[in-house]
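K.L.:
In case you want the letters, here they are:
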Amino acid sequence: MNPSLINYTLHLADNALILAQRNAEWCGHGPILEQDIAITNISLDLLGQSRNFYQYAAQLINDSKIPGSSTAPAPGGEGVGGEASEDSLAYLRTEREFKNCLLVEQPNGDWAQTILRQFLVSAWQYLLYEKLVHNSDEQIAAIAAKSLKEVTYHQRWSSEWVIRLGDGTAESHERMLKAIDELWQYTGELFIAADYETAAGFDTASLKDSWLKKVTAVFEEATLPVPEKVFMQTGGKQGVHTEYMGYILADLQYLQRTYPGASW
Amino acid sequence: MSFQFRKHYYGDIPEDNAGGTEIKPASNPSLGSGGTWPLWEVFVRSKQGLDHKHVGSLHATDAVMAIENARDVYTRRQEGVSIWVVESKYITASNPDEAGELYEPAADKIYRHPTFYDLPDEVGHM
Numbered sequence: 006m007n008p009s010l011i012n013y014t015l016h017l018a019d020n021a022l023i024l025a026q027r028n029a030e031w032c033g034h035g036p037i038l039e040q041d042i043a044i045t046n047i048s049l050d051l052l053g054q055s056r057n058f059y060q061y062a063a064q065l066i067n068d069s070k071i072p073g074s075s076t077a078p079a080p081g082g083e084g085v086g087g088e089a090s091e092d093s094l095a096y097l098r099t100e101r102e103f104k105n106c107l108l109v110e111q112p113n114g115d116w117a118q119t120i121l122r123q124f125l126v127s128a129w130q131y132l133l134y135e136k137l138v139h140n141s142d143e144q145i146a147a148i149a150a151k152s153l154k155e156v157t158y159h160q161r162w163s164s165e166w167v168i169r170l171g172d173g174t175a176e177s178h179e180r181m182l183k184a185i186d187e188l189w190q191y192t193g194e195l196f197i198a199a200d201y202e203t204a205a206g207f208d209t210a211s212l213k214d215s216w217l218k219k220v221t222a223v224f225e226e227a228t229l230p231v232p233e234k235v236f237m238q239t240g241g242k243q244g245v246h247t248e249y250m251g252y253i254l255a256d257l258q259y260l261q262r263t264y265p266g267a268s269w
Numbered sequence: 663m664s665f666q667f668r669k670h671y672y673g674d675i676p677e678d679n680a681g682g683t684e685i686k687p688a689s690n691p692s693l694g695s696g697g698t699w700p701l702w703e704v705f706v707r708s709k710q711g712l713d714h715k716h717v718g719s720l721h722a723t724d725a726v727m728a729i730e731n732a733r734d735v736y737t738r739r740q741e742g743v744s745i746w747v748v749e750s751k752y753i754t755a756s757n758p759d760e761a762g763e764l765y766e767p768a769a770d771k772i773y774r775h776p777t778f779y780d781l782p783d784e785v786g787h788m
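So the protein lines, in turn, are chains A and B.
Going left to right, the first sequence walks through residues 6 to 269 as the working numbering numbers them.
Going left to right, the second sequence walks through residues 663 to 788 as the working numbering numbers them.
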């Protein structure tokens, strides 16, 4: 069994789960009822994507433990009886074992910051899934194909909001500038390949030009500047996260950690 | 004889409170003082071949956002395959005070229902 494929699948799952968790924080707090529903719909789409990837990762992990097959390094998160499951991977791994990009774990901030984070991620996810649809691994390709429709809408919805706020009032423009200042430093990591991405045969850097083209086009319409020469933060893909990650996991995992195996 | 035409809005809301003009979404400080989003009526077609049916209303800044909000609010459980939106202020409604003269005269004219014919079974539902 291929440990890089397991790690890569977990990386895809973690990105979706952590952004879903962040967006879910808006539930009941959206600026207006309709947008509260929109952002939580997106959260649920992402949660669904993460479940598909976790289920596949769990299957790969469990298959790799069959006697006689090569032993993969444990990615953590073994559930009851040492069996991995979608739940054990989401609820029982530690911060260092999560492989999501730093961008998805950044705080919601105001609506501008949430919108910008969603747009930057969706524009990247769109290109990523579009490539993964042709991946040699059939399961990854199938999940990507299913997710691509959802992400197409996320990208559309968030880019319209970026334009609406950037080219809106002086106040909304100012807030978008602040959000760019806050988040841009986490975008470089999206295109720097982790060892497991390269080993899994995915060319991460190849997405950068198309992504920057898309972002530039939307920013131009939104009358927002594309930052240049910003120092890029990295580490998330390797499990070295920003200080926010621990709090997200505390929130997410509390119940299963406190009452192991609890269900309703 | 002069005839005075008074426009009535959807839901018979008096004109000064009607949709599409000045709706303040429930006192939400985060919207600031400019928080006035027009009201839109939403029509959803549940499947091909059926009519668009009125399902409710929502607030949005423009038609594009109204379609997207309608998609998120009214079709998230697979309720539809097509959406129409129209700003509420463009819907003219009949006056409820005139219900007597408009609708009641039809009450005793049962012969207008096609129930006095014997339909062959082959016709099926009409």
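Keep in mind the hints are simulated off the structure, nothing from the lab.
Wrong hints could be hidden among the right ones.
Stated by the list, open to error - Listed next, the in silico DSBU-like pairs over lysine-lysine satisfying Cα-Cα at most 30 Å (straight line):
{"#": "1", "chain 1": "B", "residue 1": "Lys771", "chain 2": "A", "residue 2": "Lys154"}
{"#": "2", "chain 1": "A", "residue 1": "Lys154", "chain 2": "A", "residue 2": "Lys70"}
{"#": "3", "chain 1": "A", "residue 1": "Lys154", "chain 2": "A", "residue 2": "Lys136"}
{"#": "4", "chain 1": "A", "residue 1": "Lys219", "chain 2": "A", "residue 2": "Lys151"}
{"#": "5", "chain 1": "A", "residue 1": "Lys213", "chain 2": "A", "residue 2": "Lys154"}
{"#": "6", "chain 1": "A", "residue 1": "Lys234", "chain 2": "A", "residue 2": "Lys154"}
{"#": "7", "chain 1": "B", "residue 1": "Lys751", "chain 2": "A", "residue 2": "Lys151"}
{"#": "8", "chain 1": "A", "residue 1": "Lys151", "chain 2": "A", "residue 2": "Lys234"}
{"#": "9", "chain 1": "A", "residue 1": "Lys154", "chain 2": "B", "residue 2": "Lys709"}
To be verified - Derived CB-CB ranges, DEER-like:
{"#": "10", "chain 1": "A", "residue 1": "Leu49", "chain 2": "B", "residue 2": "Gly718", "range": "19 to 27 Å"}
{"#": "11", "chain 1": "A", "residue 1": "Glu30", "chain 2": "B", "residue 2": "Thr754", "range": "39 to 47 Å"}
{"#": "12", "chain 1": "B", "residue 1": "Gln740", "chain 2": "A", "residue 2": "Ser215", "range": "44 to 52 Å"}
As the list claims (entries may be wrong) - Residues of chain A clear of chain B, computed beta-carbon distances all greater than 12 Å:
{"#": "13", "residue": "Glu39"}
{"#": "14", "residue": "Ile44"}
{"#": "15", "residue": "Leu97"}
{"#": "16", "residue": "Asp208"}
{"#": "17", "residue": "Val223"}
{"#": "18", "residue": "Pro232"}
{"#": "19", "residue": "Val235"}
{"#": "20", "residue": "Tyr249"}
{"#": "21", "residue": "Leu260"}
{"#": "22", "residue": "Ser268"}
All figures in this text were calculated on a predicted structure; none of them were measured in a lab.
Beta carbons are placed, not taken as given, at the ideal position from N, Cα and C, and that holds for glycine.
K.L.:
The structure should be examined with respect to each hint, and the outcome stated for every one.
P.N.:
Hints and how they fare:
no. : hint                              : result
1   : B:Lys771 <-> A:Lys154             : 53 Å, violated
2   : A:Lys154 <-> A:Lys70              : 34 Å, violated
3   : A:Lys154 <-> A:Lys136             : 14 Å, holds
4   : A:Lys219 <-> A:Lys151             : 22 Å, holds
5   : A:Lys213 <-> A:Lys154             : 21 Å, holds
6   : A:Lys234 <-> A:Lys154             : 33 Å, violated
7   : B:Lys751 <-> A:Lys151             : 39 Å, violated
8   : A:Lys151 <-> A:Lys234             : 36 Å, violated
9   : A:Lys154 <-> B:Lys709             : 20 Å, holds
10  : A:Leu49 <-> B:Gly718: 19 to 27 Å  : 21 Å, holds
11  : A:Glu30 <-> B:Thr754: 39 to 47 Å  : 43 Å, holds
12  : B:Gln740 <-> A:Ser215: 44 to 52 Å : 32 Å, violated
13  : Glu39                             : 4 Å, violated
14  : Ile44                             : 9 Å, violated
15  : Leu97                             : 31 Å, holds
16  : Asp208                            : 33 Å, holds
17  : Val223                            : 15 Å, holds
18  : Pro232                            : 26 Å, holds
19  : Val235                            : 29 Å, holds
20  : Tyr249                            : 22 Å, holds
21  : Leu260                            : 26 Å, holds
22  : Ser268                            : 25 Å, holds
Hints 1, 2, 6, 7, 8, 12, 13, 14 from the earlier list are contradicted by this structure; the remaining hints agree with it.
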